[in-house]
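A.B. asks: Put chain B on the given structure of chain A with help from the hints.
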Amino acid sequence: MAVINVRVIKAGAGPRNEVPLNIAFVDKKDIIAANVSDEVVIHAIAKEINGPTGINIFDMDAVTTTSDGIMVEGAIVKMAAADMGKVHKEFGILEMEYMEVTDELIAEEPHMLQWKKSFEGRKLFRGPNPNKKLIPVHNAVMTGRAVNNNSATEMMNVITMEEILLPILGQLEIMKDGKILIGSTGEVISVGIGMTVAEKYGRVFPTRQFKAGETAHGSGEFAKTLKKHIPIIAASKSVLAGYILKALKIGMIPGLHIGCSPAVLAVAKAFGSDIAIDNISEQAAAELGSVGITMDSLRKCCPKLSEQEIIEQADKIIPGVDAPVLLNSDEIVTRLLLNI
Amino acid sequence: MKFMHTKLPEFIEKLRTAAIKNLGENSIEIKGLESLKTAKMQSLRTGRIESAVEELAMDKDISKIEVIVMPRVPETMHTVIIKGIDMNGESRKAILEVINIIHPTEEVETYDCLEVEDRRPPLGKH
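Quick mapping for you: the protein sequence lines, in order, are chains A and B.
Mapping the first sequence onto our numbering, position 329 (from 1) lands on 459, and the numbers just tick up by one.
Mapping the second sequence onto our numbering, position 21 (from 1) lands on 251, and the numbers just tick up by one.
If you're looking for bench data, these hints aren't it; they were derived computationally from the structure.
Note that beta-carbon positions come from the ideal geometry of N, C-alpha and C, so glycine has one too.
Wrong hints could be hidden among the right ones.
Stretches of chain B that chain A covers, calculated by requiring three or more beta carbons in the stretch to come under 8 Å of a beta carbon on chain A [said to hold, decoys possible]:
no.: 1; segment: 299-306
no.: 2; segment: 326-338
Here chain B is said to cover these stretches of chain A; the calculated rule only asks that three of the stretch's residues, wherever they fall, bring their Cβ under 8 Å from a Cβ of chain B [to be verified]:
no.: 3; segment: 213-219
no.: 4; segment: 257-266
Okay, chain A solo, but in the shape it has when bound:
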């Protein structure tokens, strides 16, 4: 008999009761230590919670990328959805593909240079292999009312149709018992999540569809409204700033190597880093302009801040998240002790 400690955010949790379904976070290390399979643990969580639940399994020693191409420590390696004590036998579980980082991959995906310079030797996981999944388009799993989508960074109750965004950095802070920012996604992040990088087996797209400098949205003024009112659990802005700075310091250029999201652009501008403004597509520029980030404003000089100053002033520098509430994650995370 082994005990696995599962972090759980219960449906209805949050300062405004905004969490629409149960969310369970499991460390792969604990599963290995218990000498059981991921599936055994997923089914045990499903039975124990007995309601709509998204379940994510993490390898905290691996690395992954944010949608705008920033490499971060910790990765989701398997995602699941459960409801009524069950996990759908065909659509309930999906694993992320282990990606070997080779010179060829770096040549195709220049933001992978972050691995070479900062994370060499760490396993890389992003999205699933499309040939190993049954859902035709989305990287999603579902059982009953529960849907876990976009490689486990967006979950919903498909009956109430309430949804929550779970950017990877916020989930990793929960796994580290750190601080989280909970609020409404707002217009800036609605725009930002479209500013992706081209990745094979990416979190949202299985092929290299949208390069740095482009937008996956392509909907002009409408992009900022797409996720505006949906709740979000993100990392604190100082944590986000730290990872963006790490990428900038090794020469990643927003709009060329990494995505031109408002958060990346704001940190790059404050740090005085190069921004590939001329490589930002007209459509991406229109969406950025709709939330007040014009190409002219990016060209204007501003006082350069140090790394420390940017981290300390991250809340002022990085836009995004409406009505934010900064919490210690244990204020909304409960523990489920699974006896297996």
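C.D. replies: Same frame as chain A, now just chain B:
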């Protein structure tokens, strides 16, 4: 394709008949096909569904049948046609778009059943 597929109205009538002959009028409700105007339904499965309706209708403990049709794969891809029509009612321009729709799985309909017998073939088989 005449022998391979069944017309939508014929499909509905077959299921109604299989229920009504055992349980009487108003004993069957068919959900999930409301937005279909025309369709050809797979004949092979039509016979099996008719048979399942009849099987339950003949059960002495059952007095009403519900038939619910929902996507087998809970993500469906749809073409969206955005049409602009002029004052004379003539279509001037159409823009084609696509939208993927995520659906709940069957548990949301079977959660209250004492028994669920899954007769579906694996995905990719008829």
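A.B. asks: Now tell me, hint by hint, if it's right for this structure.
C.D. replies: Verification of the hints:
With 3 residues bearing a CB less than 8 Å from a CB of chain A, the segment 299-306 of chain B meets the requirement of three and the coverage assertion stands. Residues of the segment 326-338 of chain B lying with their CB closer than 8 Å to a CB of chain A number 7, which satisfies the three-residue condition for coverage. With 4 residues having a beta carbon nearer than 8 Å to a beta carbon of chain B, the segment 213-219 of chain A meets the requirement of three or more and the stated coverage holds. With 3 residues carrying a beta carbon less than 8 Å from a beta carbon of chain B, the segment 257-266 of chain A meets the three-residue requirement, and the given coverage holds.
Violated hints are absent here; each numbered hint is respected by the structure.
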